[in-house]
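Number of protein chains: 2
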Amino acid sequence: MIKIGLDAMGGDFAPEAAVKGAVMALDRLKEGSRIVLFGDSARIGEVLAAEGCDADRFDIVHTTEVIEMGDHPAKAFQAKSDSSITVGFGYLAKGLINGFASAGSTGAMMVGSMFAVKPIEGVMRPTISSFIPTLASRPAVLMDVGLNVDCKPEVLAQYALIGSAFAKSVMGIESPRVALLNIGEEPSKGNAQAQAAYQLMEADGAAGKYNFVGNVESSYIFTGKIADVIICDGFVGNTILKMAEGLYQINCRMGHTNDFWGQMNYENFGGTPVLGVNAPVTIGHGKSTPKAIMNMILSTERTIQTNAVGMIREAFAEAK
Amino acid sequence: MIKIGLDAMGGDFAPEAAVKGAVMALDRLKEGSRIVLFGDSARIGEVLAAEGCDADRFDIVHTTEVIEMGDHPAKAFQAKSDSSITVGFGYLAKGLINGFASAGSTGAMMVGSMFAVKPIEGVMRPTISSFIPTLASRPAVLMDVGLNVDCKPEVLAQYALIGSAFAKSVMGIESPRVALLNIGEEPSKGNAQAQAAYQLMEADGAAGKYNFVGNVESSYIFTGKIADVIICDGFVGNTILKMAEGLYQINCRMGHTNDFWGQMNYENFGGTPVLGVNAPVTIGHGKSTPKAIMNMILSTERTIQTNAVGMIREAFAEAK
Numbered sequence: 001m002i003k004i005g006l007d008a009m010g011g012d013f014a015p016e017a018a019v020k021g022a023v024m025a026l027d028r029l030k031e032g033s034r035i036v037l038f039g040d041s042a043r044i045g046e047v048l049a050a051e052g053c054d055a056d057r058f059d060i061v062h063t064t065e066v067i068e069m070g071d072h073p074a075k076a077f078q079a080k081s082d083s084s085i086t087v088g089f090g091y092l093a094k095g096l097i098n099g100f101a102s103a104g105s106t107g108a109m110m111v112g113s114m115f116a117v118k119p120i121e122g123v124m125r126p127t128i129s130s131f132i133p134t135l136a137s138r139p140a141v142l143m144d145v146g147l148n149v150d151c152k153p154e155v156l157a158q159y160a161l162i163g164s165a166f167a168k169s170v171m172g173i174e175s176p177r178v179a180l181l182n183i184g185e186e187p188s189k190g191n192a193q194a195q196a197a198y199q200l201m202e203a204d205g206a207a208g209k210y211n212f213v214g215n216v217e218s219s220y221i222f223t224g225k226i227a228d229v230i231i232c233d234g235f236v237g238n239t240i241l242k243m244a245e246g247l248y249q250i251n252c253r254m255g256h257t258n259d260f261w262g263q264m265n266y267e268n269f270g271g272t273p274v275l276g277v278n279a280p281v282t283i284g285h286g287k288s289t290p291k292a293i294m295n296m297i298l299s300t301e302r303t304i305q306t307n308a309v310g311m312i313r314e315a316f317a318e319a320k
Numbered sequence: 001m002i003k004i005g006l007d008a009m010g011g012d013f014a015p016e017a018a019v020k021g022a023v024m025a026l027d028r029l030k031e032g033s034r035i036v037l038f039g040d041s042a043r044i045g046e047v048l049a050a051e052g053c054d055a056d057r058f059d060i061v062h063t064t065e066v067i068e069m070g071d072h073p074a075k076a077f078q079a080k081s082d083s084s085i086t087v088g089f090g091y092l093a094k095g096l097i098n099g100f101a102s103a104g105s106t107g108a109m110m111v112g113s114m115f116a117v118k119p120i121e122g123v124m125r126p127t128i129s130s131f132i133p134t135l136a137s138r139p140a141v142l143m144d145v146g147l148n149v150d151c152k153p154e155v156l157a158q159y160a161l162i163g164s165a166f167a168k169s170v171m172g173i174e175s176p177r178v179a180l181l182n183i184g185e186e187p188s189k190g191n192a193q194a195q196a197a198y199q200l201m202e203a204d205g206a207a208g209k210y211n212f213v214g215n216v217e218s219s220y221i222f223t224g225k226i227a228d229v230i231i232c233d234g235f236v237g238n239t240i241l242k243m244a245e246g247l248y249q250i251n252c253r254m255g256h257t258n259d260f261w262g263q264m265n266y267e268n269f270g271g272t273p274v275l276g277v278n279a280p281v282t283i284g285h286g287k288s289t290p291k292a293i294m295n296m297i298l299s300t301e302r303t304i305q306t307n308a309v310g311m312i313r314e315a316f317a318e319a320k
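Taken in order, these protein sequences are the chains called A and B. For what it's worth, the numbering used here labels the leading residue of the first sequence as 1, then goes sequentially. For what it's worth, the numbering used here labels the leading residue of the second sequence as 1, then goes sequentially.
The set of hints was computed from the structure by calculation and includes no laboratory data. As the structure is a prediction and not an experimental result, all values here were calculated from the model. Some clues are possibly wrong.
Pairs involving identical chains hold if they fit within one copy or between any two copies, as the list cannot separate such chains.
Each computed BS3-like pair below joins lysine-lysine, with the alpha-carbon atoms no more than 30 Å apart [what the hints assert, rightly or not]: (1) Lys-189 - Lys-75; (2) Lys-75 - Lys-118; (3) Lys-94 - Lys-152; (4) Lys-118 - Lys-225; (5) Lys-320 - Lys-291; (6) Lys-189 - Lys-287; (7) Lys-189 - Lys-152; (8) Lys-209 - Lys-287.
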């Protein structure tokens, strides 16, 4: 039995969008998966009733508080001990749920990830990642996409290890091609950070820790020809992600929509997994629609089911 | 009389593409502008003859050597003293031409910019910029796009001053909106570099040095709504530029072409101006087609004609 925790109070349109998304996910879940909703049970019940959905199809954990976007994440996580996020992380830390997803306060979700479920032993800095569409048969994984904006080269090399294990588990790729995002192909290219990271990643590759394929320029990340996992710092990754979203919006306006560009839509991303911590955590866009919530639940289920956390933990245990 | 120098031997398809591009530019030049070709006069003459173009329509400076892509830029600039690039920069430094453009060795072009025409007094690090298309009536200017990949915040603030003067002159914008590329709108967002640069640029804005409008996220740079000049380091700028080119290629393949996306095509860029040095210098793509060369000549003409260098020099004299 897989239990997927969802913060029913998280996001700009909660609890309506969150609960509707959970209802939409029901028919798409694998057998044996169950959604656990954290939030105001009366309000959750109202949305379920309006949707014509039997409340028994969910576990509901009643909470009385909500961490708001304006709250100080760390303080609110402590002070609002009966908030949906704080209670959700309590369940996650105790193993009462197998993963937790929210479109609420990103800061509070990170506080929970770092202090309730904690980084995996050996991980210097956990990371957040995103799938990006490619012309190949599967998307690529980009990380970090905004959590760590000043990365030491050692941290980037760890992201390669995390990303490789994540792609192996969640995407089922036997030997994911891991590349460093850079502004040229040659090892000597890039800023001081990229040059140093290249050396570390090359050594890791030679040691068999992961399949390092060298540098990838941003012109090629969407082709899928070079890399399955693309490593960069959070400033660059966030810039790439937001630029893709911006151009997607422009293309939509121009009527240029298709499967490739459609994957740039955050609704289809399924949220952003927090990686390098001891349990599956997924953070959604504040403006998440029901569809986005549904995809976030399904991607969290996949992360749980494919044992992504276990594989990352194993990779770090072996790398010691 | 404006004299625009062109390296006829520069680029993967030289001298054919370069000379053909020069011929294409002839009818589009302003009255009083003249192209000066640097290169092997016999080979130039052959291409002109094949094009049915009278050689008298150009000034031709015969040179006997070529700096190859594989050459060490600084060494070759010195050793190949009769190369088209070295001779071209000699003419530029002496004022015999008013600007110089080449699709040849980028490294050698930078050596010439730094040591023959030299940085403008007060400029710590010259920069290269690019026009990027927007949904508004005019493009935006992005800088740095690959020259300085490790930028101190002070250098970024100088780029704002350079970019503002450039947009004033070349684009005729009275008070260009200058923004810092960042991963959030708030001043506190970003990495250490962006946070520090924000403070400096805010102070510059308050002092009336340029019209600082705050941070711009990459999702908005193509809308044109927020900024005319977008400042970032060369690692990020190059990543943005190459990503745009990559997505343009993908769109082309999918048949999604239009005026907006067409401007992502390097052929329409007209090359990359080197800014912050004492004369107009433009660097083209190695693979430049005749059309790309033509646009590079025309953009160099515009930079000369609008006195961009003088305006940047003035801005730095005032800022002292």
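Hint-by-hint comparison with the structure:
no.	hint	verdict
1	Lys-189 - Lys-75	between (43 Å within a copy, 20 Å between copies)
2	Lys-75 - Lys-118	within (17 Å within a copy, 54 Å between copies)
3	Lys-94 - Lys-152	neither (32 Å within a copy, 46 Å between copies)
4	Lys-118 - Lys-225	neither (35 Å within a copy, 41 Å between copies)
5	Lys-320 - Lys-291	neither (41 Å within a copy, 56 Å between copies)
6	Lys-189 - Lys-287	between (38 Å within a copy, 20 Å between copies)
7	Lys-189 - Lys-152	both (17 Å within a copy, 19 Å between copies)
8	Lys-209 - Lys-287	neither (38 Å within a copy, 38 Å between copies)
The structure fails hints 3, 4, 5 and 8 (numbered hints given earlier, in ascending order).
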